[in-house]
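Assemble the whole structure, with the sequences as input and the hints as a guide.
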Amino acid sequence: MANPENKNFFAKIGEKCKALWESFLALFKKKEAQEVAAETQSGEVFVGKELTAKEKFLRFLKAEQGWLFVTPALILLAVFTFYPIVNAFIRAFQENYNPLSPTKYTGIGFENFVRVLKGDTGTGGATFLQCLVNTTIFTFVSVPLSTLLALLISVALNSIKALQKAYQTILFLPYLTNSLAMGAVFATFFTIVGTKNSTDTVGLVNIALGWFGIEPIDWMKGGKGFVWTIGQIRIPWTKYVVVIVYEIWSGLPFKILILFSALQSVNKQYYDAAKIDGASKSKTLWKITTPLIMPMISYLLITGIMGGMKQYTSIVGLFGEQMGIDYDMGTMVGYIYRYISNGQMGYAFAGSLLLFVIIMIFTVINLQASKKKVTY
Amino acid sequence: MKKILTKITVLVLAICLSGAVSLFAGCGGGGQIDYEHTIIFYTSQGDNLVSVTQNAINAFEAKYPGWKVEHTQPGGYDEVKDKIVSDLQVQTQPDLAYCYPDHVAQYLQTGKVVDLNKYLDSTDTAKWTVTNEDGTTQEVDTGEVIGYTEAELSDFVSRYFEEGIATNFTGYDTYGYAADAMLTLPFVKSTELMYYNADALKACGLQPATTWDELWAQCDTIKKRFPTATPLGYDSEANWFITMCEQNGWGYTSIDPNNHYLFNGPEQAAWLAELSEYYEKGYFTTQEDYGAYTSALFTKGVEDGGLVYCIGSSGGASHQDPGDVFRWGVAPVPGSVLADGTVNKSVISQGPSLVMLTGGNNVSNPTEKEIMTFMFIKELLDPQFQASFSTASGYNAARLSADEVPAFQEFIESGTIVATAVKTGLTMREDFFVSPAFNGSSTARLQVGNVIVYAMRGEKTPEQALADAYKNCGGK
Amino acid sequence: MEEVKQPNIVQEAPHFDVEKERKRQKVGKILKNVFVYTFLTFCAILAFLPFYWMIISSLKTEAEYRQPKLTLFPETIMWKNYEVVLTQASTSGASFAQLLVNTLLVGGVSTILGVVITILTAYALARMNFHGKNLLFTIMLGTMMIPGEMYTLTNYITATQLNWRDTYTILIVPFLVSVYYTYLLRNNFMQIPNSLYQSAKVDGLSDMGYLVKVMVPLTAPTLISITLLKFIGSWNSYIWPQLINNQRWQMITNWVTKGFNDNKGLLGPASSEPLTTLKMAAVCMVSLPLFILFIFCRKYIMRGVSKSGTKG
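Residue numbers (our numbering), protein chains in the order written: chain D, 1478 to 1853; chain U, 2 to 477; chain B, 3 to 314.
Derived by calculation from the structure, the hints in this document are not laboratory data. Wrong hints could be hidden among the right ones.
Okay, the calculated beta carbon distance ranges per label pair [what the hints assert, rightly or not]:
| id | chain 1 | residue 1 | chain 2 | residue 2 | range |
| --- | --- | --- | --- | --- | --- |
| 1 | D | Lys1760 | B | Phe37 | 16 to 24 angstroms |
| 2 | U | Ala468 | B | Ile141 | 47 to 55 angstroms |
| 3 | B | Lys25 | D | Lys1642 | 28 to 36 angstroms |
| 4 | D | Leu1545 | U | Asp135 | 48 to 56 angstroms |
| 5 | B | Phe37 | D | Glu1692 | 28 to 36 angstroms |
| 6 | D | Thr1767 | U | Ala468 | 48 to 56 angstroms |
Built from N, CA and C at the ideal position, the CB exists for glycine as well.
The structure is reproduced here in structure tokens:
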């Protein structure tokens, strides 16, 4: 988002939000209107003839039988989606809500939010702020890095002829993985098994680092000298490295898929023109290829960041259900689930509303960007 | 390729269909439970203990024909609690359940916890009514007195018994309970024991340590003799912290709602600093540090990087059995030498209690059911049964007279590691203590456990770790 | 000066280009290729390494896994690890095999019901006219912008109040309707020309008949995508079962975070020590079906996923 045109972008979000929402609706309404027009043109036309009450009723039934088709979905959505959304907004403001005595909340106000943001919830574990920092760092380091790496790989893949299919297949393999299961595999790469006095294996990563003469590090535990502290925020960086490495690995295949197919669809004419103009290879890459696939890159960055802000299972896969010691690797989603399990629903609701706001901001950015993509 | 795809789609659909069929088939089975005459009992017992408990159930069902006990194991202690909390919201709570004090602090809010005083010294006899086929009712009187006699009450290990008194649960008065209300009864209790590798100690020319000072002093010798071994493994960091506070009188938590948390003191910090030093020297490990129960490390033997001392629950004694790898011994947890030269060997005592909940499944006569549930509690607390449960599990019985049961006498002399653990536990009864339960006591437990981990790894200074834990508990 | 230089360049250029430049280009091309292939090979190895490691570790003995020296292939192949994992049982009487059954069952039922509901809803939204259709569709699309965690909380309370905890029902019902798949299928339905609908009506087909006999076969590729993605979604579900059910009623991924041990003594002396090799065997059982499904159904899976930007 370093584009100079977007300098005031964040300042304008407020006013643009509404316009975007309207254009969002208009987009679907337009299609809808075309559809309806097509229907009425060809539909049966009743002429003259007075209708009896029974016929009228039957006609009504016939006209509205669409409701019959959507009823199962509608009931399920009403109970498990619409109601919960409304409920979340109400419960988040009820103070000391307790499912064991649901009507006995002590008041309505912002106390849940204040306590969540101040980290004053009376239970241990990472505070919401710590979780926000964790999630943000994981996301904003791993997403750009994996996008850049995916770009390099896609360009390389696009430039070769022999074995292209083979490489493509192997690089796409991690595409459909279970983030929990693969997290457990990555954890073994970094784990030292054994005690301080007798080490069994130091893990694959430490073995590899050993070839360069680096002493084994207990990545999964951190410890003395491996923690940075900034005020109340703790950054056990060895654990961060583990998360980021895993996120990059698991994010790559999807990004390669998108970028590689984007590269392949770039019109060959541009390259021929560039060749005639005598542009060097690197110049072609930066002046032609990159701008052409820029919309794809921004799409990947934004969806990657939105997905990253909601990460949870990958951390559980790496560090177990406790997410490190006392949830110190906790993410925002992890925070919400922890408070559900604790039975402190008020904080969970408040946390989920805060997450909603954060996701909403990125959704707006996404809509803005996809609008740009269309006009490109 | 297309053919393969079609096949796969068919396969997926077939799996789906078979799934659907078996789901509906699965729903059909299972007889309806007659809640009026069935006592629902939740525990966290494993398979071997379930079969032991079945003996008590059989005895109960034989004594009171027409009554049944449905024994369910939702999972570990936390799963039992979670299940009950969710049951309480829909009135399907069990009649009787395993509990830990902090769970009861949560159940109290619903007012469904039964004050057992009304049955403990009741002189009435247990009776219930049955409805005949023609609609008439008929009373069945068993002739069994509900309550305990004075002698029977004094047969309970007093420290265990006192745990159930309402004053141990903050907020009891706001939920309408009297100060002397009896909210739980002890079932069986485990304590912490020190298992040791007798061969290794002998090789080093050492005797089992009885105080912490002795133990730390031995570490150097052990490490010199067995460089890859770890002298001590302590399973539960939280218990270690709480035990040290109790032994030295430092203060951990209190029942006073205005001053729950006492653990943030300079003595605790000094001890943590000491621990961190020992950890650097490789003197000990804990469950969090090792990544598993330290018993797994103990049974390996010192030559394979195992432990010399392992402090763990008496309830887990069977896991400490190394088989033929080495000769073992069991001793009480080391004590702390106080300023006046005396040794305090206080040791934490934990284990399931029984809580009775009323009004589950909308039974028509809750009082009758409460009485019969109490009669079942009496079966569970029967000295004979307690002795057999202790024999199977390594837990200590809640009744003193369980010791005199001949089979139990024979058992504790049998020399197995479980028997020795039980036997050692019996000698420690005077040293048992329990930490107070209140809303937030389980948070405090988790937090002090983390304090040890942070301090030993040097991620936080002891002072910082304690201050953070204090803040996390909501202390100001 | 410039006038002198100009002819010089023109004169020398062909000579320079043909000889040296071609050679330079050739060397450059080889160098470039060496670099590109090395880079790609390195990346390919890294992409594949976790899978390879997972598989070989699951077949090693624990002693071999733990030895400081790396082995790239198991010395003795331990299929028994898989047996131990499948018979692994917890205190609540659940076994790993039980969870596998749960997963297949829940996955199967929720996929079938979910696809049926999706088809019905998408058809109504695409082809039928009824009052409030646009409003309904707009609201449905609107919910896509709200993170799922917000519903989970209330659904947790609802499930408790319905007394649906520790059942299969609660794992299936809340996730039957997927707005995204409905939207995807609706768009697909709308691409089918209206004339088909007219002729079907002339032939006397009801809406239902038209849907089953014409629409469904025509949109089969999208339906296959949706079926596969729904099944994969169930297979991977972790959070909801973890929250709502006890272990007996959970899914296969819920056990992966826990340790696996040989407490029955099938591999050596019985011990409660968690064994990495067993965990890797469990991880293989969770991952490999997905892996195989992906290899065979890549086209269909990617069709669905590349549009949403999220994984299964």
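So, going through the hints one by one against the coordinates:
Checking the proposed 16 to 24 angstroms range against Lys1760 of chain D and Phe37 of chain B shows it holds: the Cβ atoms sit about 18 angstroms from each other. Checked against the hint of 47 to 55 angstroms, the C-beta distance between Ala468 of chain U and Ile141 of chain B comes to roughly 49 angstroms, which is consistent with it. Restraint check, Lys25 of chain B to Lys1642 of chain D: a C-beta distance of roughly 31 angstroms satisfies the suggested window 28 to 36 angstroms. The beta-carbon spacing between Leu1545 of chain D and Asp135 of chain U, approximately 50 angstroms, falls within the hinted interval of 48 to 56 angstroms.
A C-beta distance of roughly 32 angstroms is found between Phe37 of chain B and Glu1692 of chain D, which places it inside the suggested range of 28 to 36 angstroms. Distance hint check: the CB atoms of Thr1767 of chain D and Ala468 of chain U are about 51 angstroms apart, consistent with the given range 48 to 56 angstroms.
This entry satisfies every hint, going by the numbered hints stated previously.
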